[in-house]
Structure formats: structure tokens, C-alpha cells
Amino acid sequence: MKRYIWIVTSILVSFFSVINCARAQEENRDEIFFNSNNACRDGNYKEAIDGYRRLIISGHENGHVYYNLGNAYFKTGQIGRAVLNYERARMLIPRDADLNFNLRSARYRTQDAIPENRPFINSVFFWIDDFSTGELFWGFAVLNLFFWAVLLIRLFRRSEWSYYILLILLVLWIVAGISFGCRWHQFRNDERAVIVQKEVDVLAGPDINDTALFKLHEGAVVHNERSENGWYLIQISEKQRGWIPAQAAENIGK
Amino acid sequence: MRNIAFLILTVFLFILAPFEAGADISIRLKLDRKEAAIMDSVRVVVSVSGTRKSDSDPVIRGVDDFEITRGGTSSKVEIVNGRVNSGIEYTYYLRAKKEGLFRIGPAELTVDGESFKSNTEDLKIQKPRAGVARGNLFLTATLSSDRAYIYEQLLYILRLHRRVNVSNISLELPESGQFTLKQLEEPEEYQAVINGQTYQVLEIRYSLIPYREGNFDIQPSRMHMTAFEPNRRSNLRSFFDDPFFSAGQAKTVVSEPLGLTVVSLPDSGRPENFTGLVGNFEIESVMEPTSIKAGESATLTVRLSGKGNVNSIPDLKCPELDYARIYADQPVLKVEADAKGLKGSKTMKWAVVGEKEGLYKIPSFSISFFDPKSSKYRIISTSPVSLSILPGQKEQAAASIIEEKNEGAKSRAKEEVKEIGSDILPVHTSMDILKRGDSPQTPGMVSWGAVLLPCFIYLGVFAGLRFQKSNERSLAAVRAKKAAGKFVRQYRKNRTVPGDLSLAVRNYLNERFNLTLGSLTPEEAVRILKSNGVKSDTAQKLYVIIEMLENAIYTGEGNAPCDVGEDVPGLISQIEREIR
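So the sequence lines, in the order shown, correspond to chains A and B.
In short: position in the first sequence from 1, add 140, done, that's the numbering used here.
In short: position in the second sequence from 1, add 1, done, that's the numbering used here.
Isolated chain A, as found in the complex (with noise of 0.2 Å):
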């Protein structure tokens, strides 16, 4: 019986341990995210922006965090870091008002002029870019849940509406279900790169002894063909591609 007793009690203690462990995370972090907020406002970006990383750093990656990191580099006159962070943001709360305006400030302050390629089939399905990964998802898995739920009906019932429905719900089905593919493809081979260097030069190959090839400015989004001992590949169109040191840029998707 006493030995019951223990292990009764020891599970009590490790589960109110593993509780008190976590509500004091929270707090934890709701206090970091806090003490940056007021740093921002007060003015002290870089004790801010230590802040704000230490929370994505401990897994607390949201939106939001990364929108008031932006904030704190961009008053800190890092418009690449800013672009960087408004992006990462931008993936998480496309939607966010005060993102896509300061995104567009920041853009704006950017030197070069690059084109953005807007692959075709986000011309296709226009919304996707309105939408993060997770909705997208979340969206497809209720029509998932209406559409299996109709043909299940429709073992017991073949009604005249079951079948209208379930034919809109197919249709519906497929948009979903290729936004939600046509997304989580390009978040998982978001192969797009910010210049954080306020200048660096793109040579013609992975070497500091390469020719240069042409400039880029900090905040100029590039695309990261492949990475190679220190070096990346970058191209900005057809003609212009070349190579960077990789402490000169930092991709958007990790």
C-alpha cells in the first residue's frame, strides 16, 4: 500500500512540476516580448532586437515578433535586416496591414531596382499570396471533413443534392487542396535571400580574387541558387547572377 502511496505521489509532483515548468516559460517569454515592446518605444532598438531574437529563438516564432523585429532594425537604419524580417513575417500574417505598409516603406528605401518574379501560378490562384501555409491548410482540411463526410452520406442516401453538392464540394476540394500544395511548395523551396550588407559586391566566382560582376545594396531580395564553402550563388535575373559571401546575405526561409 505504501508503495502505492509513492508512486501516486511522485506522478502528482512530476506533473504539477512539468505545469509550473511551462507557466513559468510563458511568463518567461511574455515578459522578454514585454521588455522589448518597451525598449522599442523607448528607443532602445538594440536592446529591443535582442529581445524580439531571443524570442524566435526559443521557438516562440510569430508573426507579430518578427513584424516588431523588423520595426527595431528598421529604426536602426538596417533596411536589409528590416526586408528580411518583414518578409519571415509576412509568410506567418500576409494580411497584416501595418506589415504590408512598412514593407513597403522599407522597400521603398532600398537602392536597386529588382524586379519581383511572381510565378504564374500565383497569378493563377491570386489569393495564395493572402493566405499563410497554415490557413491554407486548415482551409483545405474543413472542405476535406464537408467532402468525405458528403461521399459517406451518400453510401446510405444517394439523393438528388447530395450529388450537386458534392460536385461544388469536389471542385472547391481541388482549389483548396493546390493552393495549400502551390504554398507549402514554395514555403519549403523559399529559396529567395536579403542582402544585409549595406554594399557587397557580385563577382564571377567563389572567390574574393573574382571579377565583379555588378553591386547590390542592402534590401535588394535575391534568389539563392545554392550555397558553396561560404559562397552564395545568387541571381536577380537571367543575365545578372553571381556570387556572394554568405555572411552578405540571409535567406527568408530557414
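Check the hints yourself; a few may be wrong.
[Claimed, not checked] Taking CB as the label site, the calculated pair distances span: (1) Y248(A) to S292(B): 45 to 51 Å; (2) R298(A) to K483(B): 34 to 40 Å; (3) S367(A) to G450(B): 19 to 25 Å; (4) A289(A) to E473(B): 45 to 51 Å; (5) S376(B) to Y248(A): 27 to 33 Å.
Everything labelled a hint here was simulated from the structure, so no lab data went into it.
As the structure is a computational prediction, the values presented were derived from the model and not from experiment.
Think of the CB as a built atom: it goes at the ideal place given N, C-alpha and C, for glycine as much as any other residue.
Guided by the hints, dock chain B onto chain A, whose structure is given.
Frame of chain A, contents of chain B only:
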């Protein structure tokens, strides 16, 4: 059909007659051009609207020095926006006897004893043209002056002289990077006499504004057309000269090149606020109303009009006032063209909302332009307008502004919002957004499970139903296989009792063919057997047995032993063999 249409039209006009009687009568005189040469034929049209009959023909004043020829009359009825207008047009041709400036008109007409007078028009008659006639078809170009100031408006006039019929006319104007050409009015057509020969003239007028200094040539204009030359075998114009009967020839006529010297505007006397306006302009201002309550608005209108490069009329700015707020309206530029060139006006309006009571003078607006006729710069100003602001309640002021916004300022265009600074929007500070988090970008196992679960549930239910069906079918097959054996066992037990034997046969058929028959007739048994591939002879044997059993049952011998005279188990075995 045409008769019916004519009848309807006649009835319609008859119905409209009372409306016509009540219409206002007016009379208008129009010349086909403002300038002509001696011996040229100038067409005069006297248009009378509001009636289609007059007591007499119109009398035209100011034509003593002209030969006048009657050209004919035409009456008209037109319906515009539901209003019926009827009228009559008298056409005359004037031919001047001497040169000079003449005032033609007014035309006087008497209708039902009441006399009406038209407008007058000026006509300048010049010496006969000494131009060289270049055959039956030629093009001339003239410039109102061969020397001009930069931005000064000149007239470039093209005249196609023809004594042949032409069609499909197209025009190629000179191209230059030194001046702009803009067509004035529609082309005019009239008759002119050159070297004693009468030509039909098509005149097209352009406004030419040079915008570069220097000496340059204006390249010839080209006119392409299809010309129908008269029959060369006879000097008389033949009936077959009509374009309907001849194919015509493609012709191109070219005007002569012209020289032009463009000089810059003089530096001396150039006002500071000179904006490049060249021509002759006037300015006027109006304040309406001149007395308002504080909070109410008055409209200040400044209109700048004149002839010249009207497209360059600048937007004037109203100075800030201490005692009133100013809201600018979108300026309205109107450009018109007449035979003498481009003219136009720019109207600028401001809503003046009074704030402090008092009697104020609105500062005058001034603008400078260069007058090429006098070769001098001129500054024109509006006369100052006064505005009296009376005391008004704040509430009334606010209400009046809102009212004005909603109703009064319909014609006032909104001003574009101007950016006066740029910054980003602030950080997001709500703790909720941190707690809420975002949808995960990469769906986890649970999420995929939630997507796949409905599919699995469906597949499970589908498989279950299929299994259930196939199970039922297999049970029936087993029962069918065992049916013959079961029958033989029952037969051996109750072989001689007709009631039991009949029941055993029915059970056999039910189980063998998965039926649910409550009773069995011989015909039915034969049909079932035949439909399952049993031969007719075999089926007939069972028919006989069942009929025998039925007879025994229905004659009250159902429980008494009877002999069916047939090897029943052997018959069933044969049936089993013959079943497909």
C-alpha cells in the same frame, strides 16, 4: 410600307402642329467665311426657327456693295430632347463689288405681322487673288505671318482648289520638331475666283505655335485623293463626268513650302512672374456671396481668358488668409477654336470659409503675358474684391461646412492628400498575439491525421458495407449448395406424406435459388428451373410430381401416404447437374 410610314409621319406632324405654334421664333444669319476676295462667292444662310412660314422673304441689310443671288429655301422639323423645333432656311450668295470690311445683316423677317431681326456678321473683302492657277486641281498653303515670336499663335491655312470632282481625300501635314499644329473648326467649302476661273475651294485652318527659335522651312502639305477628270473630248461637262460613271484616278497635290522666322521674346521688360503666356488675355474675379457668416463659405472665382497659347495658362494660387480658410477647387480649362485661332479660358475657384468677423479685401490676382501685336509684356490684375464676415455660431459653422461638403461642393474636386512625412507603423504590443501564435507553417502529424481521418473513415465504412454484401452472397451460396442434401434427408424421413414432400420441394427451390416463396405452383417451379438452365424434360418431371402432391393435398389426402412414382432424389440430382 412606305405609304404607311408617310401616313404615320404626317399624322405625327399634324399632332405636333400645336406645339410648333407655341414655339419661340428666332432668326440667325451665318456666313460661310469671314474673309473673301472680290468676285468670290460667299454663302449666307438665314435660319429661322420656331416657324415654317413667314409673311415675306427676309431682307438682308448691309449688302449694297454686293451682288446677291438667291440660293433657295429649305424647311425642317427636328425633335431634340422631346422638344419639337421647326424652321426654315434661306440661302443667298454674295459677290463683292469692292474691297473693304463690311457688316452683313441684320436679316429682317416678318411673321404674322411681327418683325424679327437677326445678328450681324463681319466680312472682309480683299483684292482678287493674284495666285497662279495650277490647273484643275491644286493645293495652296498660307501662313498668317512669316515672322513670329516664340509661342505666338499663327494661322496655317490649306486650300484645295478644284474644278473636278474628288473623293477619298486624305491629308499629310508637315512634320516638325519646331512647332505644333492644331486644326481649327471643321473644313469649309466655298467658291472662289482665281484669274477669272471659278474654283470650288476646300479650306482647312490650323493654329501653328512655334516653340523653338530660328529660321526654318515649313515642309509642304500633301493631299491624296481620287480625282474624276472631265471628259477631255468635249469642253462641256458631261453627264458621265459624275463619279458614279467613272473610275477616277489617284492624285496627290502638294502645297508650296513656307519660310518662318521665329524670334525669342525680348528680355527687356520681362516681368518676374512671366510664365510663357503669349497672346492677348484678360482676367476677372468674382466673390459670391460678398457677405457671409463665420463658418459659412463664399466662392471666389478667377477667370483668365484670351487668345494665344491657352494651354499654357498657369494655375493661380490664392494667398493664405488670416481671417478665412481657403479650399481650392480643380481649375477648369476650356479651349475653343474659331477661324481666327485658339481661344480659351481657365476658371479657378476657391471656397472661402470665414473664420473671423470683419470686412476684408481679398488681394488681387495678377498675371503677365507677352502681347505679340504690341511686342510688349503686359501685366493684368483683377480688381480687389471685398468679403464681409458676420458673426456666426460655431455649431452653424460646422453644420454649414458639412452641408457644403455634402451638397454645395458637388463640382469641387478633392485635393490629393499630400505626404508631409514618412515613417513606419509602430510595433504590435498586445500580449494576445503572442499567446495566440500563428497557424503552424508545416502541418504536423496531428494535422495530417485530421485530414486523413475522414478519408479513412469513409474507406472503412465502404469496405464494411462491401464485406457485408459479399458475406450475404456467400451465405446464400452455401445454402444453395446444401439445399439438395437437405432435401434428400427430408425426403428419406417423410417420403410418402404429400404435405411434407411439397414443403421439402418448396424449401429446396427457395434455398437453391435464394428465393422467398411462400407457396409454389407447378408452373412457377418450371419457370424457375428453366430460367436457371434446367432442361424442359427435367422441369416437366418435377411439374408432374408437384401437381400430384397438390392434388393429394387439396383432396384431403395430404397426410396420407402416397406414391409419386418417380425417383425424386434422382430427379433433384439431375436438376443439380443441369443448373448453370
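- Enumerated hints in conflict with the structure, sorted upward: 3, 4, 5
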